[in-house]
Amino acid sequence: MLCLRNAKRRFALSKCFTTLQRRVNGDEKKDNFVSVFPEVLDILTNSSVYSNVPKFSNHFAEVMEFNVLKEKRFRPSIIMDTYTTLEASENLTEENLHLAKILAWCVELVCSYSLYNFAEVTKTETIYFLNAFLYCNPS
Numbered sequence: 194m195l196c197l198r199n200a201k202r203r204f205a206l207s208k209c210f211t212t213l214q215r216r217v218n219g220d221e222k223k224d225n226f227v228s229v230f231p232e233v234l235d236i237l238t239n240s241s242v243y244s245n246v247p248k249f250s251n252h253f254a255e256v257m258e259f260n261v262l263k264e265k266r267f268r269p270s271i272i273m274d275t276y277t278t279l280e281a282s283e284n285l286t287e288e289n290l291h292l293a294k295i296l297a298w299c300v301e302l303v304c305s306y307s308l309y310n311f312a313e314v315t316k317t318e319t320i321y322f323l324n325a326f327l328y329c330n331p332s
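Numbering (the numbering used here) for the sequence shown: 194 to 332.
Since the hints were made in silico from the structure, they are not lab data.
Take the hints with a grain of salt, since some may be wrong.
As the list claims (entries may be wrong) - Pairwise CB distance ranges (calculated):
1) Cys-304 / Thr-278: 28 to 36 Å
2) Phe-259 / Leu-279: 20 to 28 Å
3) Ile-271 / Ser-228: 14 to 22 Å
4) Glu-232 / Cys-304: 13 to 21 Å
5) Ile-236 / Asn-310: 20 to 28 Å
6) Ser-250 / Thr-277: 16 to 24 Å
Even for Gly, the Cβ is constructed at its ideal location relative to N, Cα and C.
Kindly produce the complete structure, drawing on both the sequences and the hints.
Now the structure itself:
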């Protein structure tokens with residue numbers, strides 16, 4: 194029974210990695226947010242606030258990658274679809290779409306923070322399984 198659980202877990206992880214790799218390679222539609230994430234992460238970690246503490250900057254980058262890249266990221270899709278719908282077609286330049294993707298990541302980061310803050314305040318554990326959040330009270 195234990196081997197079956199490990200096999201299921203490995204399958205789920207390989208599926209997640211395949212999906213992430215497909216998004217990084219640009220096979221998804223134009224709102225490929227994962228390609229903008231390294232730029233957002235670079236801006237946040239190279240801030241002058243962290244220049245005195247390089248260990249914190251590295252740890253911050255690891256925490257960001259671990260926590261943010263596991264979510265479903267449906268909010269950035271909504272933001273990008275809304276932007277492309279409401280904006281005039283002559284203003285839909287590559288630069289404006291790039292800025293909209295950065296805005297979408299900012300919203301995603303705020304929502305991720307809210308989720309973890311809620312979990313900490315209510316003393317629940319956040320468990321990731323197949324891109325879904327399940328809350329369970331620790332015993």
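Hints, verified against the model:
Checked against the hint of 28 to 36 Å, the pair Cys-304 and Thr-278 fails, with Cβ atoms roughly 21 Å apart. Distance hint check for Phe-259 and Leu-279: the Cβ-Cβ separation is about 34 Å, which falls outside the suggested range of 20 to 28 Å. At about 18 Å, the beta-carbon gap between Ile-271 and Ser-228 stays in the expected band of 14 to 22 Å. Range check, Glu-232 to Cys-304: Cβ separation about 19 Å, and the 13 to 21 Å hint holds.
At about 22 Å, the beta-carbon gap between Ile-236 and Asn-310 stays in the expected band of 20 to 28 Å. Distance hint for Ser-250 and Thr-277: a CB-CB separation of about 34 Å, inconsistent with the stated range 16 to 24 Å.
The structure shown violates the earlier hints numbered 1, 2, 6.
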